[in-house]
Amino acid sequence: MSAPTITLPADSPPMKAESKALDFYYGNFKALKRVSMPVYEHKVTALIGPSGCGKSTFLRCFNRMHDLYPGNRYDGTIQLLPDAVNLLDPGVDPIEVRMRISMVFQKPNPFPKSIYENVAYGLRVRGEKSRTYLDDKVEAALKGAAIWEEVKDRLDEVATNLSGGQQQRLCIARALATDPEMLLFDEPTSALDPIATGSIEELINELKDKVSILIVTHNMQQAARVSDFVGYMYLGEMIEFGDTKEIFMKPKRRETEDYITGRFG
Amino acid sequence: MSDKHLSTQFDAELSGISTRVLEMGGLVESQVAQSIYALTNFSGETASQVLKQEENVNAMEVEIDRDLSTIIARRQPTARDLRLLIAVSKTIANLERVGDEAARIARTVQRVLNSGVSSRLRLPMSDLAFEADLAIAQLRKALDAFARLDTAKALEVLKQDDLIDREFDGLLRKLITYMMEDPRTISTSIDLVFVAKAIERVGDHAKNLAEVIIYIVKGTDVRHNPLEAVESMVR
Numbered sequence: 518m519s520a521p522t523i524t525l526p527a528d529s530p531p532m533k534a535e536s537k538a539l540d541f542y543y544g545n546f547k548a549l550k551r552v553s554m555p556v557y558e559h560k561v562t563a564l565i566g567p568s569g570c571g572k573s574t575f576l577r578c579f580n581r582m583h584d585l586y587p588g589n590r591y592d593g594t595i596q597l598l599p600d601a602v603n604l605l606d607p608g609v610d611p612i613e614v615r616m617r618i619s620m621v622f623q624k625p626n627p628f629p630k631s632i633y634e635n636v637a638y639g640l641r642v643r644g645e646k647s648r649t650y651l652d653d654k655v656e657a658a659l660k661g662a663a664i665w666e667e668v669k670d671r672l673d674e675v676a677t678n679l680s681g682g683q684q685q686r687l688c689i690a691r692a693l694a695t696d697p698e699m700l701l702f703d704e705p706t707s708a709l710d711p712i713a714t715g716s717i718e719e720l721i722n723e724l725k726d727k728v729s730i731l732i733v734t735h736n737m738q739q740a741a742r743v744s745d746f747v748g749y750m751y752l753g754e755m756i757e758f759g760d761t762k763e764i765f766m767k768p769k770r771r772e773t774e775d776y777i778t779g780r781f782g
Numbered sequence: 012m013s014d015k016h017l018s019t020q021f022d023a024e025l026s027g028i029s030t031r032v033l034e035m036g037g038l039v040e041s042q043v044a045q046s047i048y049a050l051t052n053f054s055g056e057t058a059s060q061v062l063k064q065e066e067n068v069n070a071m072e073v074e075i076d077r078d079l080s081t082i083i084a085r086r087q088p089t090a091r092d093l094r095l096l097i098a099v100s101k102t103i104a105n106l107e108r109v110g111d112e113a114a115r116i117a118r119t120v121q122r123v124l125n126s127g128v129s130s131r132l133r134l135p136m137s138d139l140a141f142e143a144d145l146a147i148a149q150l151r152k153a154l155d156a157f158a159r160l161d162t163a164k165a166l167e168v169l170k171q172d173d174l175i176d177r178e179f180d181g182l183l184r185k186l187i188t189y190m191m192e193d194p195r196t197i198s199t200s201i202d203l204v205f206v207a208k209a210i211e212r213v214g215d216h217a218k219n220l221a222e223v224i225i226y227i228v229k230g231t232d233v234r235h236n237p238l239e240a241v242e243s244m245v246r
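Residue numbers (our numbering), protein chains in the order written: chain E, 518 to 782; chain W, 12 to 246.
For reference, chain E alone in the conformation it holds in the complex (with noise of 0.2 Å):
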């Protein structure tokens, strides 16, 4: 494959989150090659690429999920800005990466527990006791992801309760807790209709003001609509990275023209 074609904003944004020439494996699979890619502050960047591309392995790699695994590799940096921490760097502690970077899932996942000690549960790991300072946090992380109206009468009740986009709402929130710098998503509406869809997007919109966001979606006009950057990858690869506009309006590579216009295949 030749070189990936990354096209940098004119204007160069500060950036929260940069990967550099990230190599990824699983056992003996190599899953990553040589990925590097910037994520931009208080803007939304969209991953998309066929089914195993490597998009969410990718995505992965910013909270350290793989290293539940035994034999999973990084190789390669991932910075974390503006203190150049690189997060893959094994003495660094995978839970207070989790703690400034959080992430949210395709099928929204609660906890079986209330909607209140959902989102607490983040700071309690932390070590929080503050029944005050808990309360204050629960409240606003709960109307950060536009959910409080819907939830401050039954915060004891059991989280699984709600509706599905009120799950993931939720598990947003939880996300928020720990007031992280970026979020990540890994199709975060895939398992929700298209009303719930909308206000998981119109939240995305609304979050970037406080956070970054780094988004996996298959949903390729989800990409569209909620994201400023996109990256295109093939078979672990970025093989372009650009400006949402240019990249649905006039792609620089072949690869991704056939692939937002469902030539691929």
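Hints may contain errors.
One side only, chain W facing chain E, incomplete, derived with CB under 7 Å [said to hold, decoys possible]:
| hint | residue |
| --- | --- |
| 1 | HIS16 |
| 2 | LEU17 |
| 3 | ALA90 |
| 4 | ASP92 |
BS3-like cross-link-like pairs, simulated, lysine-lysine; straight-line CA separation at most 27 Å [to be verified]:
| hint | chain 1 | residue 1 | chain 2 | residue 2 |
| --- | --- | --- | --- | --- |
| 5 | W | LYS15 | E | LYS762 |
| 6 | W | LYS229 | E | LYS767 |
| 7 | W | LYS101 | E | LYS769 |
| 8 | E | LYS727 | E | LYS624 |
Derived by calculation from the structure, the hints in this document are not laboratory data.
We treat Cβ as the ideally placed atom computed from N, Cα and C, and that holds for glycine.
Dock chain W against the given chain E, drawing on the hints supplied.
This is chain W only, laid out in the frame that chain E set:
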């Protein structure tokens, strides 16, 4: 751009709409040619035919527009597919206006005939026919370029637009001379000035079409740029 979509139905829709644009193009091209025939042969019958055709052209524009909306709503096209559809929308608007110009010429012919002007009156009809030939050739070339998505040909159209403009200026001077020499030709000459202008507008529409073809293929909007700049963008 031969590659097929995963959805063959989408391919069929896109090629179907392109085909109908070309059909509409063929229709207005013959309308212009007929209107000029009506003018140079003082044929009221042909002029009426041109006016009758206009309804078909208008109906075609509406129909293609409706299909465009359907494709956009259902397929959510991106990149070159989206550019093609945007281009089709602009193209049919331009073609419809070419049809309007032909109708304008046809109505002028009817008016001139009704005013009882003799065909023996000396008027620069062959010059008008020549300008019209240039414009029709430009239109045909632009439609060819659209059919093949041929940017080199589109560029030729842009380059030759100047010829029609110069021909129009020449005609204007000539008509003024006729009017000065023989005041009986004044009213008809003024009509012919509008005909010359209508033909020149046909050339402009061909030029717009050519610009749209470059947009489809290259993704670059070349409107309002000097020719040299356009040439380097196309390369």
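Holds or violated: is there a CB of chain E closer than 7 Å to the CB of HIS16 of chain W?
5 Å, holds
Can you verify the interface hint for ALA90 of chain W: is its Cβ closer than 7 Å to any Cβ in chain E?
5 Å, holds
Within a Cα-Cα threshold of 27 Å, do LYS101 of chain W and LYS769 of chain E meet the stated pairing?
24 Å, holds
A closest beta-carbon separation below 7 Å is what the hint needs, so does LEU17 of chain W meet it against chain E?
5 Å, holds
Would you mind confirming whether the straight-line C-alpha gap from LYS229 of chain W to LYS767 of chain E stays at or under 27 Å?
Holds, because 8 Å separates the two Cα atoms, which is no more than 27 Å.
ASP92 of chain W was flagged as interface toward chain E. Is the shortest Cβ-Cβ separation under 7 Å?
Hint on ASP92 of chain W: holds, closest Cβ of chain E at ~5 Å, below 7 Å.
LYS15 of chain W paired with LYS762 of chain E [C-alpha distance capped at 27 Å]
24 Å, holds
Compare the distance between the alpha carbons of LYS727 of chain E and LYS624 of chain E with 27 Å, and conclude whether the hinted pair is satisfied.
24 Å, holds
Going down the numbered hints, you'll see the structure goes against none, and every one checks out.
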